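Residue numbers (this note's numbering), protein chains in the order written: chain A, 2 to 331; chain B, 2 to 331.
Check the hints yourself; a few may be wrong.
Copies of the same chain are indistinguishable here, so a pair counts whether it falls within one copy or spans any two.
[What the hints assert, rightly or not] Cross-link-like lysine-lysine pairs, in silico, BS3-like; alpha carbons within 27 Å at most: (1) 188 to 65; (2) 7 to 183; (3) 135 to 65; (4) 135 to 7; (5) 72 to 7.
If you are wondering where the hints come from, they were derived from the structure by calculation, not from laboratory data.
Note that this is a predicted model, so its numbers are computed, not measured.
2 protein chains.
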Amino acid sequence: MPEIRKDPVFGQWVIIASERGRRPNEFALPPEAASTVVCPFCPGREDQTPPTVCQCSGSDGKWKIRVVSNKFPALTPEPPPRCSETGPYQSEEGLGIHEVIIETPVHDLHMDRMDEADLAAVLSTYVERIRELKKDPRIKYVMIFKNHGRNAGASLSHPHSQLVGMPMVPTRLSQEIEGAAKYMSEKGSCVYCDMAAAELEGGRRLILREGPFVAIAPYASRFSFETWIMPVAHASHFEDIPPADIPALAATLKEVLSRLNSSVEGLAYNLIIHTTPVHAPQAGHYHWHIEIMPKLAHVAGFEWGTGFYINTVSPEEAAETLRSGKKHKG
Amino acid sequence: MPEIRKDPVFGQWVIIASERGRRPNEFALPPEAASTVVCPFCPGREDQTPPTVCQCSGSDGKWKIRVVSNKFPALTPEPPPRCSETGPYQSEEGLGIHEVIIETPVHDLHMDRMDEADLAAVLSTYVERIRELKKDPRIKYVMIFKNHGRNAGASLSHPHSQLVGMPMVPTRLSQEIEGAAKYMSEKGSCVYCDMAAAELEGGRRLILREGPFVAIAPYASRFSFETWIMPVAHASHFEDIPPADIPALAATLKEVLSRLNSSVEGLAYNLIIHTTPVHAPQAGHYHWHIEIMPKLAHVAGFEWGTGFYINTVSPEEAAETLRSGKKHKG
Chain A
2 MPEIRKDPVF GQWVIIASER GRRPNEFALP PEAASTVVCP FCPGREDQTP
52 PTVCQCSGSD GKWKIRVVSN KFPALTPEPP PRCSETGPYQ SEEGLGIHEV
102 IIETPVHDLH MDRMDEADLA AVLSTYVERI RELKKDPRIK YVMIFKNHGR
152 NAGASLSHPH SQLVGMPMVP TRLSQEIEGA AKYMSEKGSC VYCDMAAAEL
202 EGGRRLILRE GPFVAIAPYA SRFSFETWIM PVAHASHFED IPPADIPALA
252 ATLKEVLSRL NSSVEGLAYN LIIHTTPVHA PQAGHYHWHI EIMPKLAHVA
302 GFEWGTGFYI NTVSPEEAAE TLRSGKKHKG
Chain B
2 MPEIRKDPVF GQWVIIASER GRRPNEFALP PEAASTVVCP FCPGREDQTP
52 PTVCQCSGSD GKWKIRVVSN KFPALTPEPP PRCSETGPYQ SEEGLGIHEV
102 IIETPVHDLH MDRMDEADLA AVLSTYVERI RELKKDPRIK YVMIFKNHGR
152 NAGASLSHPH SQLVGMPMVP TRLSQEIEGA AKYMSEKGSC VYCDMAAAEL
202 EGGRRLILRE GPFVAIAPYA SRFSFETWIM PVAHASHFED IPPADIPALA
252 ATLKEVLSRL NSSVEGLAYN LIIHTTPVHA PQAGHYHWHI EIMPKLAHVA
302 GFEWGTGFYI NTVSPEEAAE TLRSGKKHKG
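Let's have the full structure, built from the sequences with the hints guiding it.
Written out as structure tokens, the structure is:
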């Protein structure tokens with residue numbers, strides 16, 4: 002029997018319909034194909050990317066993490082924003098920063114198999130880039146995200162993340178922050194703190210706890226095996242994470258990705274850090290977190306037309322699978 | 002230079018970034034693979050679907066269009082809706098109607114190649130099903146949509162559409178209707194009427210006009226080659242379309258899909274009818290229309306994280322291609 006769940010923050014409806022997972026499919030997602038593109042992110046091909054913005058080097062002097070401008074940016078630093086309006090239409094020039102963070106020199110060393118210390122260095126790079134970009138008062142929001150695998154929209158497989166600094170707070174984030182503020186005004190608490198507490202007590206959607214961090218399957222999961230990682234204690238800005246906590250975050254992220262990889266055949270996912278706009282003060286109602294959205298199926302007309310999502314694996318079932326590390330039977 | 006455009010109805014931002022279309026891609030969308038599933042929608046296999054809800058028959062007595070309940074529904078008619086709330090969470094049972102409209106007995110006769118009269122009969126079936134379902138006062142909204150091709154989330158290739166009757170107005174629609182009402186209160190006119198008029202006059206995003214209908218590439222196209230079909234004269238409810246106009250709508254839809262098929266290699270798309278909630282009175286601010294969203298690329302982390310879209314083919318370029326019927330160089 003399908004169940005309709007409401008996302009407590011965003012107000013979005015999700016339909017949990019496990020029976021639909023058993024329908025026949027002529028079009029199962031194909032496995033990832035071997036690449037024919039010469040990887041521009043591998044060592045020795047540094048001339049194929051824009052110049053290095055910054056890098057971390059090992060004791061041998063070679064780079065371990067490289068940050069470069071995106072060669073095909075969605076947004077560019079020049080010129081300044083300009084609004085024009087004709088008839089019913091309104092536009093701005095695409096001011097912003099679009100960078101690529103090459104996480105490792107090793108072509109196929111993904112986060113689930115990286116050394117925890119190396120993964121911690123990637124997370125520290127995220128923090129440093131946000132702190133650097135927030136010096137520009139025109140940049141209102143910095144989003145860090147990662148597309149892993151073709152079915153999640155990746156165009157290159159070499160492990161990399163992306164950073165986009167934007168001149169406005171993106172729609173999704175402002176709606177999320179408004180939803181969290183509304184929850185705070187009604188219930189007097191942070192909705193993310195309440196979710197973390199509910200899962201740590203009840204446990205049906207708890208995946209794991211690692212020191213100051215918790216990983217849960219969110220109640221209104223839009224995607225099968227959707228997983229959120231968040232600090233248990235309230236914190237509004239990702240870039241203010243205590244440096245001493247970064248190794249635990251790396252350990253949590255590595256373990257979550259490793260279990261997802263074991264449970265989901267041919268795992269592809271989007272990973273997104275949701276955080277408070279960089280110039281906003283410390284906020285009691287909004288709580289940074291990492292959303293990992295596996296892409297087992299294509300989003301189809303129903304979702305595009307309604308704004309609802311259909312998820313064929315309940316978050317309780319996903320969490321149980323990920324707690325035990327067993328294989329999901331699709 | 003990327004340009005940020007604001008959707009005049011929904012308020013959503015879209016980044017038009019043609020340069021990004023030229024980035025290297027290890028993971029080009031694979032072609033549709035041959036099916037291994039025995040098609041349950043072909044004649045002679047009627048026992049593999051739930052019973053026929055209604056059908057149109059030819060002069061030979063055989064069915065030409067069949068409507069059946071969805072065997073794997075996202076929503077089901079029983080039991081009545083019920084709200085429960087525990088901690089931060091809220092749910093309802095998935096009350097609703099989910100039907101499949103099998104458009105033709107011919108396994109591979111897609112809309113772009115159907116006889117116009119047969120396509121008109123499919124559109125008339127849409128109208129009749131909405132009129133039938135709106136008799137149930139619990140059904141607030143009826144959405145008709147179609148997923149064509151794997152990359153658009155189809156699970157079976159035999160030409161079929163889907164109908165979902167829902168106990169609430171979906172989020173996407175209520176936001177769209179609110180956006181249109183806001184435009185009306187600010188400018189005193191219907192935003193869709195204004196868009197149709199602007200394109201019919203200016204022509205840069207006009208694809209074609211066929212009698213009472215116009216096809217345009219919307220100003221803030223989220224997807225490459227996104228196409229909207231709408232009546233030129235104001236009309237709020239799709240199911241109130243004059244029967245005499247249905248053949249022209251069929252001709253417009255067939256021509257648009259045929260040109261998309263010629264221009265876009267391996268076309269996959271979602272088609273969605275956007276209309277006013279069934280029990281709402283005639284509305285001056287909301288205008289029914291059909292949105293066709295080709296899926297040339299996967300939606301990735303940037304879109305999921307921001308709620309913005311990145312489109313690498315400007316709607317002006319898409320409209321020019323579709324006006325001339327030439328091939329798009331990807």
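Hint by hint, which ones does the structure fall short of? Hint check: 1 fails alone, others pass.
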